[in-house]
Amino acid sequence: MALKVLVVYNVVDLLDKGQPEDLLAEQETKIVEDAVANSLRAFGHEVASVPIRHELWEPLREFDSSEWLIFNLCESIRDKTYLEPYVISVYEYLHFRYTGSNRLTLTTCLNKGRAKEILKAHNIPTAPFQVIGPPTVRRQLDFPLFVKPVAEDASLGITLDSVVENERELRQQLRFIWDTYRQPAMVEQFIEGREFNVTVLGNDNPRVLPLSEINFSKIPDPKARIVTFKGKWVEDSDDYKFTQVISPAKVSDSLRNKIAEVAVNAYRAMGVRDYGRVDLRVMNGVPYVLEVNANADLSPDAGIARAARVAGMSYAMLADEIVRLAAHRYRLKEARPRIISLRLKARSAGADGVRAIPVSAFKTEKQQTPQTAVRVPAPA
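Take the sequence shown: its letters are residues 1 to 380, numbered as in my numbering.
Each hint should be verified, as a subset may be incorrect.
Unchecked claim - Taking lysine to aspartate or glutamate pairs in the DMTMM-like style, the calculated list, with each CA pair at most 20 angstroms apart, reads:
id, residue 1, residue 2
1, Lys80, Glu28
2, Lys80, Glu169
3, Lys250, Glu213
4, Lys4, Asp34
Unchecked claim - Here are the computed distance ranges between Cβ atoms for each label pair:
id, residue 1, residue 2, range
5, Arg53, Gly285, 42 to 52 angstroms
6, Ser254, Pro220, 40 to 50 angstroms
7, Thr136, Asp161, 38 to 48 angstroms
8, Lys250, Lys4, 38 to 48 angstroms
9, Glu165, Ser217, 35 to 45 angstroms
10, Val286, Phe242, 17 to 27 angstroms
11, Thr136, Lys30, 25 to 35 angstroms
12, Arg182, Asn38, 30 to 40 angstroms
To be clear, the hints were calculated from the coordinates, so they are not data collected in a lab. Since the structure is predicted, the reported quantities are computational estimates derived from the model, not experimental observations. Backbone N, C-alpha and C fix where the C-beta goes; we use that ideal spot for every residue, glycine too.
Required output: the full structure, derived from the provided sequences and hints.
Below, the structure is given as C-alpha cells:
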C-alpha cells in the first residue's frame, strides 16, 4: 500500500521564552523530518515535505486534502509551542487526515495539571501534585518535591535543582520557572525508584514495545537521579553521560506486565492515537505515571525508535507503521498496520525477553477520555 504523505514540520529560529539552550530541542524536528521522509520513500510512498515557520494555511492549500495524509511533526507555529493544538485545528478545518493525536489530547498533554487530573479520574497511579503560579506559594505537599514547568515538554526547565528539599529551595525553583518560562509550575511529590520509558503503538489494540530504563547507577545521590534537559540533549554533559538508557530493561515478567498495563491504561485515558510514550517510576512495586507523551519524539536515536529497534523494527518500518496506523484509523483503502502480524524478536530468554505485549493480555476495561470543552488558542 503506497500513499501520498505530506511531512509537515516546524522550523524554529528563536524562542519567546525559556533558556537559549532550549532551542536544541525545538530544532530537532528538521532531523526527524529528513529521517521520516527518507524512510517513507523507501517503502514506496510519495512524499512531500512542508516546513512551517509563521504561516500554516497557505502552504497546505497547495495540496489536495482528499489525496494527502499528513505525517504531523509540527510542534509549534510562530515559535510558540503552546500553539501545537492549533496546528491540528487547521488540519481538520482543511479536511486533512493526519498521524498522531487530536487537538484535545495534545491540549491536555501539554497541560500537566490537567493531564494528572485525568489520570487520577481513571485511578491510574501518579504522584500527588499541585500547580503553583505567582505570586503566592501555598505548599500542600511534603518534601522532597519535584518542580518543573506546567506546560513544556522535552525536559525543558528541568535541572539538578528541580528536586527541592526545603521551603527556600522551593521558592527559588518556582521563581526560576515563573521568570524563565512565564507559566505556573507543576510541583509533585518526588518518586524515588527506577524510571522507565514505555513506547505504545496502536489504537483499538495498542501494543507495548520493549521497555527502556534510565540507568542511574553512576549517580550516588537518589535526589539527583532525574533526567535533566542536559541529560536529554547535551551529549558532552555529565548529566547525559550518567543517564544512559538500558533497552530492553532488565525486569521480571510480573513487573513488565504491571508497567505495561499502567502504560496502556494511561495511553487510553489520555486518548493518544497511533503512537506515544509513557514515562513511569516504580516505587515499592507500584508504577507511577510521570507523563504521557502524545506525538512523542521520533528522532532516530530517541526512545520510540530505540524500542522499535529492540523489537526488530527498523526506523523505516516504524515510520511506515505510524502511517499505516493512521490510514487504518481513517479507513483508507487497503490500509492495515503491519504490527498486527509482525513477529517481534525475542533476543534474550526469560526475564529479558523483548516481545511486544498486546493489551489483550491484561484484564482491563477500555477507558475513554472525558469530553471536556477545550479552548484552542489562535495565533497572536
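Structure-based check of each hint:
1. Lys80 x Glu28: Status holds; Cα separation ~15 angstroms.
2. Lys80 x Glu169: violated (29 angstroms)
3. Lys250 x Glu213: holds (8 angstroms)
4. Lys4 x Asp34: The hint holds at about 16 angstroms.
5. Arg53 x Gly285: 42 to 52 angstroms: holds (48 angstroms)
6. Ser254 x Pro220: 40 to 50 angstroms: Since the Cβ atoms of Ser254 and Pro220 sit about 29 angstroms apart, the hinted range of 40 to 50 angstroms is violated.
7. Thr136 x Asp161: 38 to 48 angstroms: violated (21 angstroms)
8. Lys250 x Lys4: 38 to 48 angstroms: holds (43 angstroms)
9. Glu165 x Ser217: 35 to 45 angstroms: With a Cβ separation near 22 angstroms, Glu165 and Ser217 fall outside 35 to 45 angstroms, so the hint is violated.
10. Val286 x Phe242: 17 to 27 angstroms: This hint holds: roughly 26 angstroms between Cβ atoms.
11. Thr136 x Lys30: 25 to 35 angstroms: violated (41 angstroms)
12. Arg182 x Asn38: 30 to 40 angstroms: Roughly 37 angstroms apart at Cβ, these two residues keep to the hinted range, so it holds.
Hint check: violations occur at hints 2, 6, 7, 9, 11; the rest are consistent with the structure.
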